[in-house]
Amino acid sequence: MAIRETSVRHEELGLDEDDLRRMHYHMLLARRVDERSWILNRQGKAAFVISCQGQEGAQVGAAYNLRPGYDYLYPYYRDSGMTMLLGQTPRDQLLSLLGKKDDPNSGGRQMPGHYSGREQNIVTVSAPVGVQYPQAAGTALAFKMRGEDGVVLVCGGEASTSGGDWHEAMNFAGIHDLPVVFFVENNVYAISVPVKFQVAGSIARRAEGYGFPGHEVDGNDVLATYEVAREAFERARAGEGPTLIEAKTYRMTAHSSDDDDRRYREREEIEEWRQKDPIVRFEKYLLDNGVLDEAERDEISERIKAEVAEASEYAENAPFADPEDVLAGVYAEG
Amino acid sequence: MATKNLLQAIHEGLVEEMRADESVMVLGEDVGRAGGVFRVTQDLQEEFGAMRVMDTPLAESLIVGSAIGLSVNGMRPVAEIQFADFIAPAFDQIVNEAAKFYYRSNGAWSCPITIRAPYGVVPGGALYHSQSVEAWFCNTPGLKVVAPTYPADAKAMLKSSIRDPNPVLFLEHKRTYRLIKEEVPEDDYEVPLGEARVHREGTDITVVAYGLMLYTALEVAGKLSDEQDIETEVVEPRTLYPLDKETILDSAKKTGKTLVISEANLTGSYAGEISSLIAEEAFEWLDGPVMRLGAPDVPAAAFARPMMEYFLPSAERIEEAMLELARY
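Here the protein sequences line up with chains A and B, keeping their order. First residue of the first sequence: 770, per the numbering used here; consecutive thereafter. First residue of the second sequence: 19, per the numbering used here; consecutive thereafter.
Isolated chain A (complex conformation):
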């Protein structure tokens, strides 16, 4: 009976087995590209790494609702699981990691993780935390003004809810019932500061004060995240306004390659969360429900490994932009 009930779960969500395989592929791909990035860093080839590890389920679950090139995504710097789902490739990620000319995010101008994609409507990311929220509200307002059913997905970590921009955008979105989904990936740490010193009360419940629904979801459960996000997207498309989602997850790596997290958190805590790894959990679901067998899982894993290795070699051999390109493109012409 247990098996039957769980298998009903994705069917109830309207997801078929191809959807599940695609979700799994993208979660694992994000993880493997990330791991490769750390290797390139340790080899002295990549100056800086910022990680998605631990958050792939939340990212793929939420972004699976986007219609690429129509809806807009304001990701934050850990959202490689989202940007690859929308069409960026491992090559793109690693070109960006190494600051190469063909880095699609910035042509080697920005740090890794500062995504941009015009065709996929991935709006350019920066480093100041929280600035994306008012922008996302504005983008949603344009949809509403034109009577279109586009949705804006805007993401950040839990610390991005501490500054004014988040609250200003929540308030504005609430006033005008804007089609925006606020997706907070609560990964417990803002560099070294744990959530108990970052967040008073509950993030999700703050939505009530702004007059729209807020949901807390297990961000390490890709299907649960997909479900709550789907409801939020449907609400937005129907003109019913914004939704706040707080996805509870965990940052499994240090903040970045320049951070040593042994200074501020116990190894045991990380181990505990490893037991809740979203990829391991989803693979168990897929195996339990006969979507994949172990041979298929291993085959997918090998395929991704080869894909990432190829991408890494490609990016390492790719040229840098000409040095004088640093002077170009400050102002748009026309």
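Since the hints were made in silico from the structure, they are not lab data. This list has only true hints and no planted wrong ones.
Residues from chain B shown here face chain A by an in silico Cβ test under 7 Å; the list is partial: (1) P75; (2) S84; (3) I86; (4) L88; (5) V90; (6) M93; (7) E115; (8) S123; (9) G125; (10) W127; (11) P159.
Each residue gets a CB set at the ideal place from its N, CA and C atoms; glycine is no exception.
Chain B: place on chain A using the hints.
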């Protein structure tokens, strides 16, 4: 052709752009039903509706941030910051976001927004309705900073700003809103961004000024011409950043003596940038020091009228400085 003051000219420019292009919209505090605290957006909401002329919450970062997001999705927003003094909360959105959108995305995302902000000392304005904020922004590649003074220029330059694919900070000296009227054409006419204007030709000294100080400088220049045969060339940058270096340098070389006037606090003011440009690139033509005149380095500007007047470079002080320069 009708005569209009600065405020009316800016209003007219906005209306014409909104009629011509459905994507042009206005957002800010009190811009809707009230028509703005200075009435620049008077009656716009009636004509274009509450969405295209939107009263926002009192949150400047939101105003500029949402304008950026609107531009991402096909709109051409004109955001109003009620007083330039209140622009600080939006600094991040202007300097780190709007100005860098194009460069940081390697040309993928442009950011065609216009941010209007009334600046400058005005009677009763006190410490938070008086500041000249241009220097805060004239060190920001990717941003354009314009400060037209005359009504006809302002109307055309507002249109140029709205049509520009880059973020433009459009500064309006609020004490000059109703100070003079001039003929303002009703049809489309061009004043491109990035071009300075020579208001009067002269051979003895050059004065570079903008805003209220430009009016004062022109008055003093007329007086010195009438009374002492000193012929002053008066140059208005109109666009502060990027600067029309050529027009300013041509004049500095022609007269060999230049005074730069603004009402900003002198240290670190944009007058310093203009002065160093001349010192560096016109040195061999100079017959005297490049001089600057500005406000003292105290907060702008005290509420009580006598203190406020003392703070500003007066016509007398400007005349003194021009005479001192002419004597070299």
